[in-house]
Amino acid sequence: MTSDLEYRIGFDLLRRGNPAGEGIQRLLDAFGSLEEAWNASESELVIAGLPANMATEIVAERDAVDPRSALNRMRELKIDAIPHGAPEYPEQLAALDDPPNILYTLGALQPEYLNGISIVGTRRCSPYGLRVAELLATGLAENGVAVISDLERGIDSVAARTAFGAGGHVVAVMAGGLDRFHPAASRNLARDIVASGRGCVVSEQPPGQAPIGAAMRQRNRITSALGRGLLVVEAPKRSGTMYSVRHALDRGCQVYAVPGKATSKQSQGTNWLIQQGAKPVTRVGDILEDLDIAWKDLNASDPEPRPRDADDAPDVSDGSSIGDFAPGARSQTRESWVLQATETDQERAIAELLHKSGEPRGIDEICRECGFAVDIAGATLSIMEVRGLVRRVGTRYALASNREPAIAPHLV
Amino acid sequence: MEEEAYWAAFAADTRVTLRRIDALEAHFGNLADAWNADVGDLESAGLPREVAIAAKRRSTELDLTEMMEELEHAEVDVVHARSERYPALLMEVFDPPPVLYVKGTLLPQDGEGIAVVGTRRSTRYGNQMCYDIASGLAAAGATVVSGLAKGIDTVAHRAAIDQEGRTVAILGSGFGHVYPHENRGLAEEITSHGCLITEHPLRAKPHANHFPLRNRVIVGLARGMVAVEAPKGSGIQRTVKWALESNREVFAVPGEIDAEMSQGTNSFIKQGAHMATCAEDVLSELEPHFPDALHRLRESGHASLVDQESGPEYSGRGRRSSWQLAGGGQRSATGGNGRRRTGRKSDRADGAPPRPRPDLDLSDLSDHETKVASFLSSAGSALGVDDISRGISLSAQEVNTALTMLQVRQIASCLQGATFAVDASIGKRLGAAA
Chain A
104 MTSDLEYRIG
114 FDLLRRGNPA
124 GEGIQRLLDA
134 FGSLEEAWNA
144 SESELVIAGL
154 PANMATEIVA
164 ERDAVDPRSA
174 LNRMRELKID
184 AIPHGAPEYP
194 EQLAALDDPP
204 NILYTLGALQ
214 PEYLNGISIV
224 GTRRCSPYGL
234 RVAELLATGL
244 AENGVAVISD
254 LERGIDSVAA
264 RTAFGAGGHV
274 VAVMAGGLDR
284 FHPAASRNLA
294 RDIVASGRGC
304 VVSEQPPGQA
314 PIGAAMRQRN
324 RITSALGRGL
334 LVVEAPKRSG
344 TMYSVRHALD
354 RGCQVYAVPG
364 KATSKQSQGT
374 NWLIQQGAKP
384 VTRVGDILED
394 LDIAWKDLNA
404 SDPEPRPRDA
414 DDAPDVSDGS
424 SIGDFAPGAR
434 SQTRESWVLQ
444 ATETDQERAI
454 AELLHKSGEP
464 RGIDEICREC
474 GFAVDIAGAT
484 LSIMEVRGLV
494 RRVGTRYALA
504 SNREPAIAPH
514 LV
Chain B
492 MEEEAYWAAF
502 AADTRVTLRR
512 IDALEAHFGN
522 LADAWNADVG
532 DLESAGLPRE
542 VAIAAKRRST
552 ELDLTEMMEE
562 LEHAEVDVVH
572 ARSERYPALL
582 MEVFDPPPVL
592 YVKGTLLPQD
602 GEGIAVVGTR
612 RSTRYGNQMC
622 YDIASGLAAA
632 GATVVSGLAK
642 GIDTVAHRAA
652 IDQEGRTVAI
662 LGSGFGHVYP
672 HENRGLAEEI
682 TSHGCLITEH
692 PLRAKPHANH
702 FPLRNRVIVG
712 LARGMVAVEA
722 PKGSGIQRTV
732 KWALESNREV
742 FAVPGEIDAE
752 MSQGTNSFIK
762 QGAHMATCAE
772 DVLSELEPHF
782 PDALHRLRES
792 GHASLVDQES
802 GPEYSGRGRR
812 SSWQLAGGGQ
822 RSATGGNGRR
832 RTGRKSDRAD
842 GAPPRPRPDL
852 DLSDLSDHET
862 KVASFLSSAG
872 SALGVDDISR
882 GISLSAQEVN
892 TALTMLQVRQ
902 IASCLQGATF
912 AVDASIGKRL
922 GAAA
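In the order they appear, the protein sequences are chains A and B.
FYI, in my numbering the residues of the first sequence are 104 to 515.
FYI, in my numbering the residues of the second sequence are 492 to 925.
Honestly, the hints are just simulated from the structure, not real lab data.
The C-beta atom is built at its ideal place from N, Cα and C for all residues, glycine as well.
One should not assume that every hint holds.
[Said to hold, decoys possible] Quick list of in silico lysine-lysine cross-link-like pairs, DSS-like style, CA-CA up to 27 Å:
#1 B:K862 / A:K399
#2 B:K761 / A:K340
#3 A:K399 / B:K696
#4 B:K696 / B:K761
#5 B:K723 / B:K761
#6 B:K862 / A:K382
#7 A:K340 / A:K399
#8 A:K382 / A:K399
#9 A:K382 / B:K547
#10 B:K732 / B:K761
#11 B:K547 / B:K696
#12 B:K696 / A:K382
[As the list claims (entries may be wrong)] A few chain B positions that, by computed beta-carbon distances, are all more than 10 Å from chain A:
#13 D586
#14 L735
#15 E740
#16 E747
#17 D749
#18 T768
#19 E778
#20 S791
#21 T861
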């Protein structure tokens, strides 16, 4: 098996003749072992089912490649290799059209990391994007959900750094070999992740491979595939981030996007994604609820909603409908006035119940005592509320007790 | 006596709903007989006792001829619910008003407009988006329906007027008490670009209860509704609910998730409202009702604030390939920083402009806004639109637009007699910046 891994790495090291995924499988089927395949002649490779030009490339390139020393170097650097087909190979990657031949890892890839969320976004992010990336990454970390990130400049690295700083698990996906972390600005973060044991760094490229452009785009599919969902924090309409989105959609993975100002270039892509059907996210709970993960908001900074209708009430209001509630203390005439103003049987039943009880009642009590379904009671109450017949006291309702008759003054 | 008079006389008591007027008509054959009936007869026609007593009292004290003359003198039309001019869509909301008082011209298309609503405490971003979307809708020929309130409503009406489009304002009071005070000038302009509508008699004062109810009329006159900015738990939330219950398409403008005034709108989007980033978004969704609108919008040359470049094109080999979004756009985004504000003082009648808050952001004023603000600031006294227009050689319309924006941002204030003032310190700061 070791030798098989050695030759698998050998094939991985080929730049042009790399028979990724399906090709390796054909070689295994034809030769039984990759060692035999590695030493096969060009015509044998073609007979095994490889395209002719690939067979030519393999034969031309393989003598310049030294899989053994690559394997030794990996051992030195403590880089592990998870070959396609191994039990610990992530299922999400196996399901790709072009799964990596080998997933190289530094630090253990724990199964629970694969329930994480991939966070992506533009490198040229706005202060808003940074703020949101920090907010959501912290929320995920605090709820024990791993963050999967490219560690690229901007949203990606901020999300990873924040999640890691908050004690969360981070999976960093590199575009090049794991002997050299890229980008340079995230090098220390990647090292810290590996050293802490709270995450790992992974790549599909063998050591020594540089993070060239094509590899970076290929890498996006790994980043998006490793997460249970893909969260786009900020992205213009045309940006590399959309590659990740495309990959996520291709494999039917949920895409989450954070709305932002329509006038901000960096939010136009995310807004557009929401218009196309991505799930809007305004708090970490939106993601976790969607994935059926129990969650808590440790910041709990969510302010109480402002009093209802602060927006509707005119400034010059004489306060006639906003008086204090005093249970049962109002005059009989006022309350019977409300009873008179009820229009339907439901309204009347609710008004009578509230009148009798003399104190606010919750909607569940109203349903029970009047025998209404919740939606009927809710609709009736909301109409009664705006007509000034009942008023809200916290989550409960009471009879409006001090409403002035809504008759035009000059007509009375 | 005309039929309208009896409708208006009965409906002056909001407890006499359309359903009850129908019952009266069915019982008495016509409203004139009902008007002269006894309390007992009114009760047997379905009015609760107190309502019947109040109606009887009105019928003895009120001179209908005088009432109708007064309405005519105020140039107010009365449109009752069984009249041909009553907008059919309005019947779809709960408790449709039995009577509409109308000032201006109510065309058939005004009863099938697009509502633009939002908080009175709008931010710079909200105002920008509101102006952009409402002016696009107006340019495309849709009537912009709103509530004449401060903030978003004001900007929506102003945008439609600037486009020479149509707009309808629904009031929460009688025409004798147009509220808010500083929008009286705007209300006057609206009558020549559409109409003002209220369900309240001439002298009804603005009342806290009227405003949420007014929103059902806004919904009633619109095929779709755009919520531009709304905080969490505002009255707009309920308006959205009514709109959905009345089968209206609901749109919301997205905003930053930590901006107070976008909490409501973002949550509408989460609950399934369409996201609106420009007028096109709204019109393409409402195309069945406004078949010609997108074409007219393009013809009008209206340029959206929001970048209309197309999204990523994906013809891909993947399982899904529904990724093209058409769009041929031109103007790039002009970022703005949405400054939040807390509350707004109502108009001052003492002749002094408001003292500007020290953190007032003047950096993103437009050229016209800067000109108007500097001019008013150095004028030393409040001036009318004509004087300003003459003083800095801008058209009255340009001055009006700039003034609306300056008022919304609390830089200028409207004083008595439709004059405007800006604090002297603003001019100094603008001068220093220039």
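A quick look at each hint next to the structure:
Taken as a hint, the K862 of chain B and K399 of chain A pair is broken in the structure, with Cα atoms around 52 Å apart against an allowance of 27 Å. With a C-alpha separation of about 21 Å, the suggested pairing of K761 of chain B with K340 of chain A holds against the 27 Å cut-off. The suggested pairing of K399 of chain A with K696 of chain B is violated, with an alpha-carbon distance near 47 Å, which exceeds 27 Å. Distance check on the hinted pair: K696 of chain B and K761 of chain B sit about 37 Å apart at the alpha-carbon level, beyond 27 Å; violated.
Of the pairs offered as hints, the one joining K723 of chain B and K761 of chain B holds, with about 13 Å between alpha carbons and a cut-off of 27 Å not exceeded. At roughly 44 Å between alpha-carbon atoms, K862 of chain B and K382 of chain A are farther apart than 27 Å, so this suggested pair is violated. Restraint check: the Cα-Cα separation between K340 of chain A and K399 of chain A comes to about 33 Å, which exceeds 27 Å; the hinted pair is violated. Taking the CA atoms of K382 of chain A and K399 of chain A, the gap is about 20 Å. The hint holds against a cut of 27 Å.
Of the supplied pair hints, the one linking K382 of chain A and K547 of chain B is violated, its CA atoms being roughly 58 Å apart against a limit of 27 Å. Taken as a hint, the K732 of chain B and K761 of chain B pair is honoured in the structure, with Cα atoms around 14 Å apart against an allowance of 27 Å. A distance of roughly 23 Å separates the Cα atoms of K547 of chain B and K696 of chain B; the hinted pair therefore holds under the 27 Å criterion. Using a Cα cut-off of 27 Å, the hinted pair K696 of chain B and K382 of chain A is violated, with the two alpha carbons roughly 45 Å apart.
Remark: the non-interface label on D586 of chain B conflicts with the geometry, its nearest Cβ contact in chain A lying 7 Å away (cut-off 10 Å). Its beta-carbon lying about 12 Å from the closest one in chain A, L735 of chain B satisfies the requirement of being farther than 10 Å from that chain. Under the 10 Å C-beta cut-off, the non-interface status given to E740 of chain B relative to chain A holds; the minimum distance is some 14 Å. Taking the minimum C-beta to C-beta distance to chain A, about 5 Å, the non-interface status of E747 of chain B is violated against the 10 Å cut.
With a least CB separation of 7 Å from chain A, D749 of chain B falls inside the 10 Å interface cut-off, contrary to its annotation. Look at T768 of chain B: its CB is around 4 Å from the nearest CB on chain A, not clear of 10 Å, so calling it non-interface is violated. Non-interface status of E778 of chain B relative to chain A is upheld: no Cβ of that chain comes within 10 Å, the nearest being about 16 Å off. S791 of chain B, annotated as away from the interface, keeps every beta carbon of chain A farther than 10 Å; the closest lies near 20 Å.
Under the 10 Å C-beta cut-off, the non-interface status given to T861 of chain B relative to chain A holds; the minimum distance is some 20 Å.
The structure fails hints 1, 3, 4, 6, 7, 9, 12, 13, 16, 17, 18 (numbered hints given earlier, in ascending order).
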